[in-house]
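A.B. asks: As you go down the protein sequences, you meet chains U and E in turn.
Counted the way my numbering counts, the first sequence spans residues 1 to 424.
Counted the way my numbering counts, the second sequence spans residues 1 to 424.
The set of hints was computed from the structure by calculation and includes no laboratory data.
Since we're looking at a predicted model, the values are computed, not measured.
Treat the hints with caution; some may be incorrect.
One copy or two, it doesn't matter: identical chains are merged, so the pair holds either way.
Here are the simulated lysine to aspartate or glutamate pairs, EDC-like style, with alpha carbons at most 16 Å apart [to be verified]:
#1 80 to 328
#2 397 to 383
#3 418 to 388
#4 80 to 195
#5 322 to 412
#6 380 to 405
#7 83 to 328
#8 397 to 410
#9 83 to 130
#10 322 to 85
#11 154 to 165
2 protein chains.
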Amino acid sequence: MSTGKDGRHKQSRHIRLTSHPEGQGPDGVPAIHWGAASAAERGPVIGTTTNRSQRNVIGAHSGSYGVYRALAVAAGTLLKDHKADLTNTSPTDVIGPNPQWAGAEKIVSIDPWGASVADVFSDYIAQGYDIRPTIAVTKAHINLPEIHHALAFKRLVPDNRILLENGSAVVTKVAIEPVWWLPGVAKRFNVSESDLRRILFEETGGMYPELVTRSDFEVFLPPIGGQTLYIFGNPRDLANPDVTLTARVHDECNGSDVFGSDICTCRPYLTHAIEECVRGAQTGGVGLIAYSRKEGRALGEVTKFLVYNARKRQVGGDSADKYFLRTECVAGVQDMRFQELMPDVLHWLGIRTIHRLVSMSNDKYRAITDSGIEVEERVKIPEELVPEDAQVEIEAKIAAGYYTDGTVPDADALAGTKGRGFDK
Amino acid sequence: MSTGKDGRHKQSRHIRLTSHPEGQGPDGVPAIHWGAASAAERGPVIGTTTNRSQRNVIGAHSGSYGVYRALAVAAGTLLKDHKADLTNTSPTDVIGPNPQWAGAEKIVSIDPWGASVADVFSDYIAQGYDIRPTIAVTKAHINLPEIHHALAFKRLVPDNRILLENGSAVVTKVAIEPVWWLPGVAKRFNVSESDLRRILFEETGGMYPELVTRSDFEVFLPPIGGQTLYIFGNPRDLANPDVTLTARVHDECNGSDVFGSDICTCRPYLTHAIEECVRGAQTGGVGLIAYSRKEGRALGEVTKFLVYNARKRQVGGDSADKYFLRTECVAGVQDMRFQELMPDVLHWLGIRTIHRLVSMSNDKYRAITDSGIEVEERVKIPEELVPEDAQVEIEAKIAAGYYTDGTVPDADALAGTKGRGFDK
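Start from the sequences and build out the full structure, keeping to the hints where you can.
C.D. replies: See the structure below:
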């Protein structure tokens, strides 16, 4: 152990390197057979740090919040051996098991059994294994100003089942943490598993050496944000292709989703989708919003704001023909959201057909249909909901392949679509 | 290097373990002297993975989005040696330098020079060092339904400077990634640096062995979410205690902030604070919202939903007297947000007095005032903005020490404050 110049860094205690194979080899640790048809055959995902000899994955629970958990132990507020009391926490609505859970093809980035661990792995838990849910299912009432607007203008009418008199919509909510089966993730990106492991390790500056030293651990709990689902109507109906499904897959945009920034269409499209989901559920269908923590196309918000500045200040000002170029100059790519993993959650829900997809994204459409889910209709954002300064974004995207039933702008039209400068 | 049972995991290429000291020792790598008064003395934070010999920190840029960046390299969409073209990306508004930037006491979790690297470290960049901004400053117009409501009811009036006729507020936005100086973070939590490093490593299941092997690297870029600031009025006025500052420090609650869930007061309090900030800036003051990615008290959303279920299902139903207990049973603690680090951003802005703090949180108040910032007035959420089902939360918090100018509920009142069940 190294010693700092002031002696403070001297390690007085033994550091348990998790990559040491002693005591946590195949013996005694439940194996994970990803894609097995039953929970018993699949085996539990065990990411506990309390008893390291039980671990059968790389990484920690709670996505990036695992760092805060560590901080809580360091600060002395959390006992490191605290075991969650899961009394009364089980899902309000049972999802699956669905046929898509078996086979290791449809789902590689979430644990299909993650909501029901207390039930399906109760034997292990009784034996003392610390197994934690990676999915939680609850119910809520959501109350949005945009839904009040829809009520005021009679676009929606309360039915006291899906939409209450006070404007609240009744939903089932699902929170999902990422659980990556590395062989399957590698296959999605057409890269060898060993290359994926090596690059994940190297390009994060050396996060989790086990990625390259423990090829026997095939599951990784990455420290990234997860997903949230909002379901309108009966969650069981999602798996029934005869029930009309209205769905939007939405990627986080804090600036618009929360603060209403007018440079993009994110919140208006999201609230429009919620309105469509409510209407669909009221007329015998079911609705779904799948919300992913992928801020700024998964480039993060610092990069996003740098790109805004470059767009607004470039010669000629912000214009639709240079929309993607500016992102590429700063970030090296146009997008890091990797829609390849996004359909997993749809398969987890048992979805086979999306009757109304409230999205114009060609990347999302392709990822969904390539994964074997049928899409019937694609629903555009109504033009009156596009903020003036967001015309640059929407025109650039349509020219790049986003769905439209209108005119695709040509080069002249793109160059002529201008955004606001900083001086206005 | 290990070989998998099927031979696929055999590593054909050399794995560059970042903890190898060769070629990146003190020689040639710019040193970081945290808290030095000038950028030149402080030195740049270099988290590049492109040229590992330049690195002087543990971790990677972009917080948790560093994992997506690695995925982009693995998928072959991003060249690993891409260097950001920072043309036109510089801050729209210059923040600091402020006196609080010097001394290593006031700021330990963000890099005060993070917005201006292209300027203050231009020499290094010219020499080929890959130095990236960890802070970005831009301008935006934000348009919220709640502000339209305030306009309709004449609580706000457009002035065409802070608030436009179309209901948009003009703001300066700042995105900030976490940059932790480990000796300073340890001091905040009253723990030794070596214990902090060891526990961060162990309790994340072995993230970044350099935490324990490289005590010469004092800076850590943790894979967690960052912060966003929304400034109403002139950002320079934040450092002037003679200009009335209205401020809210708000921790992410996706379910309420975006979707309007009625079980808590998060979005109503946030939009009330924005209204107060607009009004304050219109009357010669300045406004600030500091938004931190600390979902569900930094426990993450899965834990949050598990707690919701336990609250709604417990014997006697959801009630204010058991509000904190249910979180503790599931998570082991009531809260992991660690307001100890939160005031850093206020000091970065040069704030010495908050004239109107739009928050009732005793934890936030104590952290702010303990850090040496004066708070004059605390602004409650107006009672009419508290959703009915959020009475449990607000009463429990007031009983636990949240600010109120009204009655603190006693045990009977707490037990009598009930939330909705799942059957309603």
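A.B. asks: None of the hints should be skipped; say for each whether it holds.
C.D. replies: Hint by hint, here is what the structure shows:
1. 80 to 328: between (43 Å within a copy, 14 Å between copies)
2. 397 to 383: Classified as within; 14 Å inside a copy, 43 Å across copies.
3. 418 to 388: Answer is within: at 10 Å inside a copy they meet the 16 Å cutoff, but 45 Å across does not.
4. 80 to 195: Between copies, since 13 Å is at most 16 Å while 34 Å is not.
5. 322 to 412: This pair counts as within: shortest intra-copy Cα distance 12 Å, inter-copy 63 Å.
6. 380 to 405: within (8 Å within a copy, 49 Å between copies)
7. 83 to 328: Between copies only: 11 Å across chains, 45 Å inside a chain, cut-off 16 Å.
8. 397 to 410: Result: close within a single copy only, 12 Å intra versus 57 Å inter.
9. 83 to 130: within (7 Å within a copy, 43 Å between copies)
10. 322 to 85: between (53 Å within a copy, 15 Å between copies)
11. 154 to 165: within (13 Å within a copy, 26 Å between copies)
In this structure, every one of the numbered hints holds.
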